[in-house]
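Participant: Since the structure of chain R is already known, use the hints to place chain W on it.
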Amino acid sequence: ETGVTQSPTHLIKTRGQQVTLRCSSQSGHNTVSWYQQALGQGPQFIFQYYREEENGRGNFPPRFSGLQFPNYSSELNVNALELDDSALYLCASSPGDGLEEQYFGPGTRLTVT
Amino acid sequence: QKEVEQDPGPLSVPEGAIVSLNCTYSNSAFQYFMWYRQYSRKGPELLMYTYSSGNKEDGRFTAQVDKSSKYISLFIRDSQPSDSATYLCAMSYTGGSYIPTFGRGTSLIVHP
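Protein chains in written order, with the numbering used here: chain R, 1 to 113; chain W, 1 to 112.
Pulled out of the complex, with its shape left as it was, chain R reads as follows (with noise of 0.2 angstroms):
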């Protein structure tokens, strides 16, 4: 186990409501990462929190905001959802500011009707 843990597991929500993801880091990693994983593909990029300040960000609307804590737990919040927001949302926590050496939990799998 990596001790990245999220919640919840699953969760179903209808088209335009808003949605709150959470997600508790390792002990003294300072850097998460949200990532969502379509099914059949690798995971994509939305974020990363370090300090508690957004340092870096792919290609995702607005609609798609985070916020990070000082007892490393994190959370994505997606307004207004889409059908194609259904996915699985990874969250990952690494030791510095790098990407390089990151872990994961176990996900959200986030069904929007």
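The set of hints was computed from the structure by calculation and includes no laboratory data.
Accuracy of the hints is not assured; some may be wrong.
[Unchecked claim] Going by beta-carbon spacing under 7 angstroms, a handful of chain R positions derived as facing chain W:
| id | residue |
| --- | --- |
| 1 | L39 |
| 2 | G42 |
| 3 | P43 |
| 4 | F45 |
| 5 | G58 |
| 6 | P70 |
[Unchecked claim] For the chain R half of the interface with chain W, some residues (derived, Cβ under 8 angstroms), not all of them:
| id | residue |
| --- | --- |
| 7 | G40 |
| 8 | Q41 |
| 9 | G56 |
| 10 | L90 |
| 11 | E101 |
| 12 | Y103 |
| 13 | F104 |
| 14 | G105 |
| 15 | P106 |
| 16 | G107 |
| 17 | T111 |
[As the list claims (entries may be wrong)] A short list of chain W residues far from chain R (calculated; beta carbon distances all over 10 angstroms):
| id | residue |
| --- | --- |
| 18 | Q6 |
| 19 | I18 |
| 20 | V19 |
| 21 | T24 |
| 22 | S26 |
| 23 | D58 |
| 24 | R60 |
| 25 | F61 |
| 26 | T62 |
| 27 | S69 |
| 28 | S73 |
| 29 | R77 |
| 30 | I99 |
| 31 | I109 |
Backbone N, C-alpha and C fix where the C-beta goes; we use that ideal spot for every residue, glycine too.
Facilitator: Same frame as chain R, now just chain W:
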């Protein structure tokens, strides 16, 4: 053309076989190369990462990077049924706050 290409498989091999998994890429600026293993219903697990060209070995796993051909490989020796998983390659520009690009993963099945 995607930046990182990876054959989705599935690749089916008998137990004990040597497995070769590969990715090609188009962006010559990639410097860090990583391999992850992902079991069903789990998050990816980092297996190996290498910087620039060359080989790196860790137990039964060997990672190779050929930057001149824009081609990376992961070899698994003495494959076991427990190696059955999806293997994802990933690469990035620098070791700082970069954006990693993943391949779509290759599904490996090792049958007894």
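Participant: Next step is simple, just say for each hint if it's right about the structure.
Facilitator: Hint-by-hint comparison with the structure:
no. : hint : result
1   : L39  : violated (10 angstroms)
2   : G42  : holds (3 angstroms)
3   : P43  : holds (5 angstroms)
4   : F45  : holds (5 angstroms)
5   : G58  : holds (6 angstroms)
6   : P70  : violated (19 angstroms)
7   : G40  : holds (7 angstroms)
8   : Q41  : holds (5 angstroms)
9   : G56  : holds (5 angstroms)
10  : L90  : holds (5 angstroms)
11  : E101 : holds (6 angstroms)
12  : Y103 : holds (7 angstroms)
13  : F104 : holds (3 angstroms)
14  : G105 : holds (5 angstroms)
15  : P106 : holds (5 angstroms)
16  : G107 : holds (5 angstroms)
17  : T111 : violated (14 angstroms)
18  : Q6   : violated (8 angstroms)
19  : I18  : holds (24 angstroms)
20  : V19  : holds (19 angstroms)
21  : T24  : holds (14 angstroms)
22  : S26  : holds (15 angstroms)
23  : D58  : holds (13 angstroms)
24  : R60  : holds (20 angstroms)
25  : F61  : holds (16 angstroms)
26  : T62  : holds (18 angstroms)
27  : S69  : holds (21 angstroms)
28  : S73  : holds (17 angstroms)
29  : R77  : holds (24 angstroms)
30  : I99  : violated (5 angstroms)
31  : I109 : holds (16 angstroms)
In this structure, the earlier hints numbered 1, 6, 17, 18 and 30 are contradicted, and the remaining ones agree with it.
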